[in-house]
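Note that the protein sequences, when read in sequence, are chains R, F, B and L.
For the first sequence, UniProt numbering assigns the number 1 to the initial residue and increments by one for each residue that follows.
For the second sequence, UniProt numbering assigns the number 1 to the initial residue and increments by one for each residue that follows.
For the third sequence, UniProt numbering assigns the number 1 to the initial residue and increments by one for each residue that follows.
For the fourth sequence, UniProt numbering assigns the number 1 to the initial residue and increments by one for each residue that follows.
Quick caveat, the hints were computed from the structure, so don't treat them as lab data.
A portion of the hints provided could be inaccurate.
[As the list claims (entries may be wrong)] Listing some non-contacts, in silico: residues in chain B with all C-beta distances to chain L over 12 Å:
hint, residue
1, Thr2
2, Ala26
3, Gly52
4, Met64
5, Ala68
6, Ala93
[To be verified] Derived lysine-lysine pairs resembling BS3-like cross-links, with alpha carbons at most 27 Å apart:
hint, chain 1, residue 1, chain 2, residue 2
7, R, Lys438, L, Lys450
8, R, Lys450, L, Lys172
9, R, Lys460, R, Lys490
10, R, Lys460, L, Lys41
11, L, Lys172, R, Lys438
12, B, Lys97, F, Lys240
[What the hints assert, rightly or not] Here's a subset of chain L near chain R, in silico, CB distances under 7 Å, partners left out:
hint, residue
13, Asn88
14, Phe168
15, Gln170
16, Gly192
17, Gly535
18, Ala537
19, Glu538
20, Val586
21, Leu630
Keep in mind that this is a model prediction, so the values were computed, not measured.
Ideal Cβ placement from N, Cα and C applies to all residues, glycine included.
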Amino acid sequence: MPWLSILIAVPVLGAVGVALLPKGSDKLAKQLALVVSLVVLGLTVAMAVQFSPNGNRFQFEEKYSWIPSFGVHYGVAVDGIALVLIALSAILVPIVILASWHDAEGRPDATGLAPKRSAKTYFALLLVLEAMMIGVFAATDIFLFYVFFEAMLIPMYFMIGSYGGVQRSYAAVKFLLYSLFGGLLMLVAVIALYVVAEKNTFMFPELIGAIQDPTTQKWLFAGFFIAFAIKAPLWPFHTWLPDAAAQAPAGAAVLLVGVLDKVGTYGMLRFCLELFPEASKFFTPLVIVLSVVGIIYGAIVAIGQTDMKRLIAYTSISHFGFIALGVFAMTQNAQSGATLYMVNHGFSTGALFLVAGFLIYRRGSAQIADYGGVQSVAPLLAGAFLIAGLSGLSLPGLAPFVSEFMVLIGTYERYAVPAIIGATGVILAAIYILWMYKRTMNGPTAEPVKGFTDLNGREKWVVAPLIALIVAFGFFPKPLLDVINPAVDKTLTNAQVTDKQPVSTVAEKKGAGQ
Amino acid sequence: MGETITFWVLAVTSVAAALGLVFSRKAVYSALMLGVVMLSLAVLYAVQDAPFLAAVQIIVYTGAVMMLFLFVLMLVGVDSSDSLVETIKGQRFWAVIAGLGFAVLLALAVGNVAFSPATGLGQVVASRDGNVPTLAASIFTRHVFAFEVTSALLITAALGAMVLAHRERVRPKATQRDLARARFAGPQPSPLPGPGTYALHNAIDMPALLPDGTVAVTSINRVLARHEMEEGFEPTDPEKAALIKQVLQKDDARDAEPVEGDKPIQVKDALQDENALSEEDGK
Amino acid sequence: MTTHYLVLSALLFAIGGVGVLVRRNAIVVFMCVELMLNACNLAFVTFARQHGNLDGQLIAFFVMVVAAAEVVIGLAIIVMIFRTRRSASVDNANLLKY
Amino acid sequence: MQSPAEIVQHSGGVIGVSWLMIALPLLGAAILLLGGRRTNKWGHFLGVAMSLGAFVVAVLSFVELTGLDPDQRRRAFELFEFIPGMVNMGMLIDPLSISFALLITGVGSLIHIYSIGYMSHDRDRRRFFAYLNLFVAAMLLLVLSDNYVGLFIGWEGVGLASYLLIGFWQHKPSAATAAQKAFIVNRVGDFGLLIGIFTIWTTFGSLAFADLTQQVTGQASEGTLTAIGLLLLLGACGKSAQLPLQSWLLDAMEGPTPVSALIHAATMVTAGVYLVVRSGAFFEQAPTAQLVVTIVGVATLLAGAIIGCAKDDIKKGLAGSTMSQIGYMMLGAGLGPAGYAFAIGHLITHGFFKANMFLGAGSVMHAMNDEVDMRRYGALFPVMKVTAVTFIIGYLAIIGFPMLSGYYTKEGIIETAMEHNAILGWLAVLGAGLTGFYMSRMIFMTFFGKKRWADDAHPHESPAVMTWPLVILSIGSIGLGAFLILGNRFMNFLSPAVGLPQELPETHVFGFGPAALATLALVAAGAALAWFRYGAAEVPAVAPRGSFLTTFARRDLYGDALNEALLMRPGQWLTRIAVFFDNRGVDGLVNGLAAGIGGTSGRLRRVQNGYVRSYALSILFGAAAVVGALLYVGNM
């Protein structure tokens, strides 16, 4: 059964279906979109169940010739890393659809919020985006990956540009141009890779180890890496993210930060390391410095933000620093942690953005100063915000902790000083999250906040699965790690790295005892 | 030897005529100069074993095309001459530089080649008994497709010209009776006042004065006034100048409005406008 | 002799080009374009004789046909523009800018 | 000298289900938080029941544990794989953890019961009990986990519970700020703990206590061990409010009083001591780290005592005292196996008498309309006798009145310290004297002297649900010390977990050594001084401007001012600069580039002037260029 093609096709067909609905059938459009996304989720679960973690690296492979003269294939397959990211997308989309139920409708007393737009288009775009996201993670042909990588921008561009806040067109254009710039560098590198490798194919598995010359590797690495660093975004290529995330409607921001940006870090892990192992080692110090700077810098700037969504965006920059750090630390723990981080960050930031979106929908403003004392009037809302926030500061017992712990411990194995500096992000995270929480939720109830209603049924259904996942994976990350670990193992093998061994003999002693 | 003389005579003539074409102020002169160049070239064709082309050149170009040019010139205004003031900065200078440079380059290119004596068309033509049959054979055999396409092009061009130049008549053409009725129904049955009456000048470009000394607006000659305003010969009397400007602006405003169909009686509109203007004056 | 004809052709072509550039009356500009076409025709005819091949004349013939068609359409356009704008100056038709 | 026993894998029995201790309160918290208003009616009973349930499991586990041979008393079992290849979640039931479990569930249950009364008027009582349950679960996870990651999860879990409970009255900005401060300062400590855990992992390749025996840790260099020790100490300082991370504890008194009793006196703040004792395998082979632990302990015990001397807020006074007493425990923990039993013993007795006094203070506040200023109390003894008597028992225990709990455990620490390092010992004696002063001051100002009540105050004894826990706790305050210390009972009990010193200390019912005598004399002097200044003399209702020393103590030794000057303000500036740099620098560069390109195109598009002749000119130039190029190429 061509699982992946079905996964890509279903949302596309759904989007067409939604778009073709007659005018005025907004409600039907929403319901249809939700059903389609749930079908996709169901299919993803069915596929994930059949995945055997210790089997072949790539499973559910499909390969058809697309442009024979250039050796371009429609090639899709997943390994553990791609699988969890596809699952993340499939989980987030229905939640986002549910959360965005009224996003396209504007508000009767709108103050700076998006005007009324076609709901149908919005949900069709969401579904198209889902197809692109699944495609980009599933692609094993580098050219196909590039196509999805760029095509993904288009629905997101319209979602920000048409449904966003006051400065939506500025943010959308900035997002698009920035990403396109990176994408073009990558296109050059992709073509150069094809030419230099002389294998007449773009299939990723066949290109591993194809480039031996170190200088060529470095150039190609740079081409890919800058694209991914912009996408991720890594410091100092990050400034598009706060604008885009702050202007995008909350649901779109979730997908933007939660999934789209993961393509950057995923690309580093999958393509940069495996295709250009020598260059990766050469650039590791640079990337680690950028990541650590990003962790601290993102956190400090986040502390200074006055806009909730911008603040969350900057926290994500800090978190992407952690992920990149983990990817380039080149240890099993760090890379598994980084992959896990991508998933957990999707849930955690998703929850934060969505709850912030609920707040903004009620108040009509994203300024932190416009809130205060929400907990007294809407305790559930505040509670959801707190849990989402705590997951953002990697509180143990919540999912992001496991990943952050693994990233840091894995980094510490090889690069102690960056890990220590990065770990100070733990303190800064507490400051930005709790300070935001205090200013919005605690203290005397502000006058405009008094009329707030608590979470309604729909909103509860949005928040509940996310929080359940965050808590569940916080205590029991094994199912994810079991899938991720073998894939990371292969990555490390292809990147020609071996793990460091601890000084002491505990492990040996255990080994001898068995 | 004969050819050399012919060439030099015609070369000088044609270059001179070409320069005249470019530099004469009046378009009619330019057209005539172009005719001279074309005729010269026709002769040069004939000299160069191309009698058919020479004939076509004279018939099509000098005959048809040039006449077309002249007709259009008549439509647009034969006597209007171009202003010599160049409005685009540096255009003339760079145009001359580019033209000269291009000519020099082409000349260099040609000069660099050492041509063997011309093969001549004698052999080719001989097989088919003359230039025209040979050419005809070529056109109707090898190049028949191109020829047919050209015919399509010509038909399209003819159609296009008709469409472009055609104006749909949306009302019945006004008869003389209609015109007379309109005139008497209008505010001014009498002819418009002539220019310069009771004025200091009797020149045609000066408006007539009414008994109270004010300008009779209806006597302003629009074409002249526009010409003078554009060329900067405003009346010395500022009041008159202002008035003329006003009238012209009014005309411009009317012209700027979208033209719908064919207005049957322009006179009437003009009269009404004038009437409105003089009313304003009265106030 | 061929060289002479060709140089004459080049000269006429350049003059025509300069004319297009410096004249503002659309009709005169058009005439200059015709001059350039004629210059080309001269070159074609010259080459036909030089190489003993009638194809040059053939091309010249086609050029004339196309030129005729072009003149018809071009002049029609000029007339139309003049009718609406009351001017045949090419500089006045500069709406397509920036 | 005897090393700790090997950890044995366990299955079955009550110990096999001892995870219920964590699960029950966690379940309670989940039900109360998710159940919403439906559970308002019976929520507090559920909370108490879950806590008591955990206590029952703890007692049964304890009984089962004591039924085993002493060298078999370290039982561990695995629950599930947490991070494959790194950590398995498991429980470790040994004398050390079970002692803590008993203290947490026992005192915790009493405080749960007390809270039923104390919080009866609060509309959010259900939420309060949910948080308390959450705390108990997290604290038990902290002490029962068999590895450092589990410990860390519990460690942060109690931090979260503490944050939630300090900020329980979140509508008060001061409470919200205090909660936030507590969490952030704790995070600084957690940072150290985290790095310590990293170092343990990279050095030894395991995070399970069972693997980190002294034989294993002995293979690492002393430098590494010292580093690990200091990093763990940083974590301990954060959680246990030791210098230099002490500043949050006094602010934490913004929380409801039962919270102060349970979390900020009896249990959570002692987690640092637990960590140091549990990590004995590292500390005992890193003397430098141990020395630092004792220095931190002594410094904090003096600082806390000095702060306690000047506070008029009864809860803050008790908080200073808590700091000070934890300083004693830290000192004991830094002395190696000889001090462990006394440190943990003091921790347990302190858990009783300090909880006792905090709850007593809560009872007083309850009676005085939530007034906390002792200068507005006075002469409360006659109106609330049960509270007063139990409070005074706690008081006598803490100042080390002979035969009461505090006497044995504190004296043990002082004696051991004296043997170890005389300077530390004498400073600890001095601290005891200060304790005598400030605690007596508190008693005199609260229960004796003249009435200085606010006009609308009508003090009355608290309901039975609040007084019974006081009574039970005060019984513990009287007898527990003697029970534990005499005959080295506790030391022997703990020995499988922490080892034994080379020679066991001698214990007497009356241990009048020179140090004990000096301590008693100083305590008596302190109490007498307090009597003259606050018992016999008139206490002004408004605090007079004190000397420099008083102000110094009132302002918490300028700890907050120091933090503000050294960290907060530079931090704020850094934040502002970073934000400015981001907007103008990084983003400015990006936007500048965009503007540059936009401006250039704007100028460049002027070339498109609409004049067909200009275009033709450029075409001619282009044609000329092509011809030129062709010529050039042809001539090459």
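Going through the hints against the structure:
No Cβ of chain L approaches the Cβ of B/Thr2 within 12 Å, the least distance being about 18 Å, so the stated non-interface status holds. Taking the minimum C-beta to C-beta distance to chain L, about 9 Å, the non-interface status of B/Ala26 is violated against the 12 Å cut. The Cβ of B/Gly52 lies farther than 12 Å from every Cβ of chain L, with a closest approach of about 24 Å, so its non-interface assignment holds. The Cβ of B/Met64 sits about 22 Å from the closest Cβ of chain L, beyond the 12 Å cut-off, so the non-interface label holds.
B/Ala68, annotated as away from the interface, keeps every beta carbon of chain L farther than 12 Å; the closest lies near 22 Å. Its closest Cβ contact with chain L, about 7 Å, brings B/Ala93 to no more than 12 Å, contrary to its assignment away from the interface. Distance hint between R/Lys438 and L/Lys450 is unfulfilled; the C-alpha atoms sit about 42 Å from each other, more than 27 Å. Between the alpha carbons of R/Lys450 and L/Lys172 the distance comes to roughly 16 Å, so the proposed pair stays at or under 27 Å and holds.
A C-alpha spacing of about 40 Å is found between R/Lys460 and R/Lys490, which places the hinted pair above 27 Å, so the restraint is violated. With a C-alpha separation of about 24 Å, the suggested pair R/Lys460 and L/Lys41 falls inside the 27 Å cut-off, and the hint holds. With a C-alpha separation of about 11 Å, the suggested pair L/Lys172 and R/Lys438 falls inside the 27 Å cut-off, and the hint holds. For the given pair, B/Lys97 sits about 37 Å from F/Lys240 by alpha-carbon distance, which is inconsistent with the 27 Å threshold.
Annotation: interface hint on L/Asn88 violated; nearest CB of chain R at approximately 10 Å, more than 7 Å. The beta carbon of L/Phe168 is not positioned within 7 Å of any beta carbon in chain R (closest approach about 11 Å), and the interface hint is therefore violated. Taking 7 Å as the C-beta contact cut-off toward chain R, the hint placing L/Gln170 at the interface holds, the least distance being around 4 Å. Hint status for L/Gly192 relative to chain R: violated, with the closest Cβ pair at about 9 Å, above 7 Å.
For L/Gly535, the suggested interface contact is broken, since its CB lies about 41 Å from the closest CB of chain R, more than 7 Å. Hint on L/Ala537 is violated. Least Cβ distance to chain R is approximately 41 Å, over the 7 Å limit. Interface restraint check: L/Glu538 against chain R, minimum CB-CB distance 39 Å, threshold 7 Å, status violated. Here the hint on L/Val586 is kept, as its CB sits about 5 Å from the closest CB of chain R, short of 7 Å.
The closest approach between the C-beta of L/Leu630 and any C-beta of chain R is roughly 31 Å, which is over the 7 Å cut-off, so the hint fails.
Hint violations for this structure: numbers 2, 6, 7, 9, 12, 13, 14, 16, 17, 18, 19, 21, all remaining hints satisfied.
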